[in-house]
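**Q** Kindly generate the complete structure, drawing on both the sequences and the hints.
In this text, residue positions in the sequence shown follow UniProt numbering: the first is 1, and each later residue adds one.
In short, the hints are calculated from the structure, not lab data.
Hints may be right or wrong, so weigh each one.
[Said to hold, decoys possible] DSSO-like mimics (lysine-lysine), calculated; alpha carbons at most 27 angstroms apart, straight line:
(1) K35 x K65
(2) K99 x K35
(3) K102 x K35
[Claimed, not checked] Ranges of calculated distance between the beta carbons of each label pair, as one might list FRET restraints:
(4) Q118 x G62: 35 to 41 angstroms
(5) E124 x E75: 45 to 51 angstroms
(6) E67 x T101: 21 to 27 angstroms
All C-beta atoms in this analysis are idealised placements derived from N, C-alpha and C, irrespective of residue type, glycine included.
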Amino acid sequence: VRLADFGLSREFHHTNAMSRVGTLQWVAPEVLLGKSYNHTCDLWSFGVVCWELLTALIPFDGMSKSELVAKVAVEGLRLPPPTGAPMLLLQVMARCWAKPTKRPSIEKIHRQLVQALQVATPPEAAPSDRASGRGGTSGRFMTG
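**A** Okay, structure coming up:
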């Protein structure tokens, strides 16, 4: 499985690309600058999508193309950490927004996300508790 931004996806055996396509707010700095890029630009985009899911906001909203290039690609502007987001998710996003050679593999991101979910998800009630109605949802909802 390969994770890729729309417009930037390509066969994995190609190592670099030069075309400038994609939705600018989700595009990695190296692409904004017109530099050669590879699959690591998709990790940047993944970090932006994570931020968008946590905030329900459009990233870098209201910025023009020239502002995006100046602020994000040249000055190193990054999106603010979402309030209340788990630290592990904040770390994943920060790693996605590192310099291309420092970005983690998608396999490493997957392991970190699984870890974050395990920390954030309470263990299920024991099967005997579910059968007796003392734990879990057992398909019923409380009304009241």
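**Q** Are the hints correct? Go through all of them and say.
**A** How the hints compare with the structure:
no., hint, in the structure
1, K35 x K65, "holds (16 angstroms)"
2, K99 x K35, "holds (13 angstroms)"
3, K102 x K35, "holds (17 angstroms)"
4, Q118 x G62: 35 to 41 angstroms, "holds (37 angstroms)"
5, E124 x E75: 45 to 51 angstroms, "holds (46 angstroms)"
6, E67 x T101: 21 to 27 angstroms, "holds (26 angstroms)"
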